[in-house]
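Peer 1: Chain by chain, the residues:
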Amino acid sequence: MSKVNPDFVEKISGFTEFNAYACINCGSCTALCPMGIDLLPRRMFRHVMLGFEDKVLENTEEVFSCLLCKMCEENCPKEVPIVENIKSIRWYINRDIFKLGRG
Amino acid sequence: MAVPIKHVLGILVDNLSIRGSVMPLSRSSSVNWAKGLNIPRGGKTVIYTGLMYQLMPSIIAMEKMTSKFADSWISNFYGVGRMVNKVISITPFMTWTNASERERFNSILHNIAKLLQVANVDFGYLYDEEMYAGALVHDEGINDVFEAHAHKVYERLKKHNVERVITVDPHTTDMLKSVYPKIIKDYQLEVKSYLEVLAESNLKPLKKLEQDIVIHDSCVYARYEGIIDQPRQLLENAGAQIIEPINTKKMTYCCGGPAESLFPSKARTVADSRVEQLASVGDKSVTMCPICFVNIRAAAETKNLSVKDISDYLVDAYCDQ
Ligand code: SF4
Ligand code: SF4
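So the sequence lines, in the order shown, correspond to chains A and B.
For reference, each letter of the first sequence is one residue, going 1 to 103 in the working numbering.
For reference, each letter of the second sequence is one residue, going 104 to 424 in the working numbering.
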């Protein structure tokens with residue numbers, strides 16, 4: 001069982017703050033995603049907001065497989081900045097886990 | 104995990120930090136396309152290739168390697184490779200390019216500059232001073248490396264007193280037009296894609312394009328930058344009949360390209376679906392992004408679908424050949 005950790009989301013921010021609070025979990029994004037990955041984007045965002053760091057990391061491959069094509073974002077009824085959020089999760093993994101970047 | 108994400112990204116980061124480009128590109132490979140065009144060096148308005156078209160032959164070669172070895176020893180190789188790559192660039196060994204491919208991509212840039220000249224646009228070029236805009240590291244979320252690079256690119260443009268840039272591909276357009284202004288203070292640069300510049304000019308067709316052409320919008324042009332009408336206007340003014348595939352304009356379907364370097368087989372599935380859509384409505388298609396061009400062309404090989412860059416059609420209609 002993953003532990004709920006409300007502080008985790010603080011670590012996730014990129015050029016803008018992580019912001020998926022308006023998400024109503026309608027599923028449009030997942031249904032339209034050409035990569036057909038069930039986790040993208042809404043379940044991934046749930047993991048982040050609940051602070052399930054282990055779940056996010058288990059699914060690193062999904063995080064990096066997003067095409068940033070914005071098909072989801074274009075059709076999101078709540079105007080969630082989906083692509084910026086995904087890039088923020090990438091930045092967290094690159095910085096804290098892969099130790100890439102300028103250090 | 105098929106390809107070790109960390110090491111592939113690591114190689115890109117090292118190349119960008121140490122060598123200024125995600126993949127090494129010789130001076131001649133960067134600027135050869137401009138031969139014979141007499142484009143002045145520098146100027147207040149410059150064409151900005153961002154090296155995207157020039158990098159495609161290396162990217163194609165690198166991707167062939169990746170997909171060949173995705174499941175075997177490459178996992179180890181990438182780790183060692185990254186260490187070696189810091190000292191001597193290993194990427195050229197992984198990316199032997201093919202001369203006809205180099206010519207193919209150079210011809211697209213040549214077309215674009217020719218069209219701008221015919222439209223009487225006054226522009227220069229920075230030649231070997233031009234830098235890659237950093238789209239790949241931006242997209243992969245390597246934020247600090249990207250930020251530092253973006254500043255270098257901007258300083259370079261300012262050093263040459265550039266005020267306006269004309270971009271040639273959607274990714275560089277989005278970087279310079281929408282992403283840089285968010286991270287660079289007091290950013291002052293007017294950025295337009297050549298498609299916008301040409302659509303605003305009073306370019307007149309010299310020849311009719313009496314063809315039905317299936318259009319493939321780039322995600323970045325259509326959904327990020329709202330560049331949707333300009334390519335249609337330019338093709339239609341020349342007499343072409345545009346065929347819209349089922350997913351088009353703001354609902355365009357990705358070519359799969361952005362997943363190519365890490366997940367080649369998934370990327371291919373996306374490209375196959377898109378080619379299916381295009382081929383079901385016509386036999387000639389047009390792209391306007393180097394990444395789309397490469398991916399759609401590869402997936403269309405076994406289909407009855409030709410793939411051209413939009414500049415191929417435009418040069419045919421608007422320039423005296
Ligand atoms: S489309 Fe928007 S609101 Fe619906 S699940 Fe996806 S992110 Fe949430
Ligand atoms: S941006 Fe990413 S998550 Fe959204 S539809 Fe495209 S590939 Fe799927």
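It is worth saying that the hints were derived from the structure and are not from the lab.
Being a predicted model, the structure only gives us computed values, none of them experimental.
Any given hint could be a false lead.
Below, in silico cross-link-like pairs of lysine-lysine (BS3-like), each with a Cα-Cα straight-line distance of 30 angstroms or less [what the hints assert, rightly or not]:
1) A:Lys70 with B:Lys307
2) B:Lys285 with B:Lys295
3) B:Lys147 with A:Lys70
4) B:Lys255 with A:Lys78
5) A:Lys99 with B:Lys295
6) B:Lys255 with A:Lys99
Covered by chain B, per the in silico footprint, the following chain A stretches (three or more residues, Cβ under 8 angstroms) [as the list claims (entries may be wrong)]:
7) 17-30
8) 41-53
Ideal Cβ positions, reconstructed from N, Cα and C, are used throughout, including at glycine.
Peer 1: Please write out, lowest number first, the hints stated earlier that are contradicted by the structure.
Peer 2: 1, 3, 4, 5, 7, 8
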